[in-house]
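K.L.:
Sequence:
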Amino acid sequence: MKKILTLKYLLIASAFLLVIRFIGALPSFQKDFHSVEDYIIAKNIVDGKGYSLTPALGPTAIKVPVYPLFLALLLFIGKTKLFIVIIQLIISFTIPFLINTFVKELNSERNGIIVGYLYLLYPPYIFYPFVLEVTNLFVPLALLFSILLLRKYKSDINGAKDWIIIGIMAALLSLTQAVAFVVVSGLLLLILFKKKYKPVTISLVTMIICFSPWIIRNYLAFDKFIPLKSVVWMNVYEGYLPQYHMTGKYDIIDKKVKANIDSLKMKINDVNMEKYYRETAIKAISKDPLLYVHKSLTQAVNFWFITPRYYNMSIIFILFVFVPTITIFMLFLTGTRNFLKIDKKLTFTLLIILMYFTLIYSLTQASNIRFRLDIEWMLILIASFAFKTKNKDTILKTS
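Numbered by my numbering, the letters in the sequence shown go through residues 11 to 409 in order.
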């Protein structure tokens, strides 16, 4: 067992799984790869139709730009979805080592190997690189940002270069997943309590500079200040639709209103559609506030367990979705208790981030497993501390 819990064997296991997944991506096994708005925008960019979802409706701000631009670059170079998936598989190969590095920053080398294996063998993360969605880029960027920030938090050296890089990474994260903006900004502001005023200011100014092109582009395109993306109320509205819950329990929006929304979005871009989504969603919430509370609580549970859209009782579902999800969550509960004994400040920081993401998706809609996968690596990280290692590592507290 001790022999397996080494970086060498983690590397061998990761390489073996990478080869298997390369084979699984070949046309003989995969006829196509699932893609959504990001890929459509990327294809429109490559085709010379601009940053648009539906070119006839003009430009879009439905997605923050980093992942669509990333896809556009890969599509321009490799021409096919298969090429994009191969790159995503290579990126996913690095993630067990990134999460291992984060834990090693706490001077816990053995737990770093354990968390690497847990991530490597977690089925949703094994299969997700075959999907063209933002999680594949967001997770490695989030880990890189976390590693850099943790190192600088512990260090007394406040070189401007490193804090500029952290500012760039914070902006990239926010422009990859808009929901991350509050987290990265909050983490930087927390560092002010260590009286690192100058370095944090450098990072925040760098963030603003990096945001500027996107904000200027949106103002010129829509004559509105849109720092991240256009859609907020669309997600609240969609949270009422029965196809996201597989039940009619929350379906209180009139059919004529929904038909009108469906008709309007064929004629109006996402920026201007927000007022119709907002009006409809607010009416639904006002009509039955308690139902909205019930729906939000249900979505919070769905976020961490099994989203109804994916639920079935097949052997594959039970083995590759249900059992791993419950197992990781149970390990997380035990790991939280052990991690609290090691570093309360870091534990509470991670738990607050997890609760923040849960709150956002519970108040809007939590129908996609990707929403959880964006941050489930944090759950796995804490879960790794459910295993009490006998090595003589001493955890270096971040406080």
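Incorrect hints may appear among the rest.
Distance condition first, Cα-Cα at most 30 Å in a straight line; then the derived DSSO-like pairs of lysine-lysine [as the list claims (entries may be wrong)]:
hint	residue 1	residue 2
1	206	53
2	265	297
3	277	265
4	354	206
5	208	354
6	59	171
7	259	275
8	18	114
9	171	114
10	355	114
11	275	285
12	285	59
13	268	293
14	265	285
15	265	275
16	53	208
17	234	259
18	204	18
19	59	275
20	355	208
21	114	268
22	266	277
23	297	204
24	114	206
25	265	293
26	59	239
27	41	114
28	351	204
29	297	206
30	18	41
Bear in mind the hints are in silico, worked out from the structure with no lab data behind them. The structure presented is a predicted model; accordingly, all values stated were derived computationally and were not measured.
K.L.:
Against each hint, give a clear statement of whether it holds in the structure.
P.N.:
Checked hints:
no. : hint       : in the structure
1   : 206 to 53  : violated, 43 Å
2   : 265 to 297 : holds, 15 Å
3   : 277 to 265 : holds, 19 Å
4   : 354 to 206 : holds, 21 Å
5   : 208 to 354 : holds, 27 Å
6   : 59 to 171  : violated, 37 Å
7   : 259 to 275 : holds, 25 Å
8   : 18 to 114  : holds, 15 Å
9   : 171 to 114 : holds, 23 Å
10  : 355 to 114 : holds, 17 Å
11  : 275 to 285 : holds, 12 Å
12  : 285 to 59  : holds, 26 Å
13  : 268 to 293 : holds, 13 Å
14  : 265 to 285 : holds, 19 Å
15  : 265 to 275 : holds, 16 Å
16  : 53 to 208  : violated, 42 Å
17  : 234 to 259 : violated, 37 Å
18  : 204 to 18  : violated, 37 Å
19  : 59 to 275  : holds, 19 Å
20  : 355 to 208 : holds, 23 Å
21  : 114 to 268 : violated, 51 Å
22  : 266 to 277 : holds, 17 Å
23  : 297 to 204 : violated, 47 Å
24  : 114 to 206 : holds, 24 Å
25  : 265 to 293 : holds, 14 Å
26  : 59 to 239  : holds, 19 Å
27  : 41 to 114  : violated, 40 Å
28  : 351 to 204 : holds, 22 Å
29  : 297 to 206 : violated, 48 Å
30  : 18 to 41   : violated, 35 Å
Hints 1, 6, 16, 17, 18, 21, 23, 27, 29, 30 from the list above are not met by this structure, while the remaining hints are.
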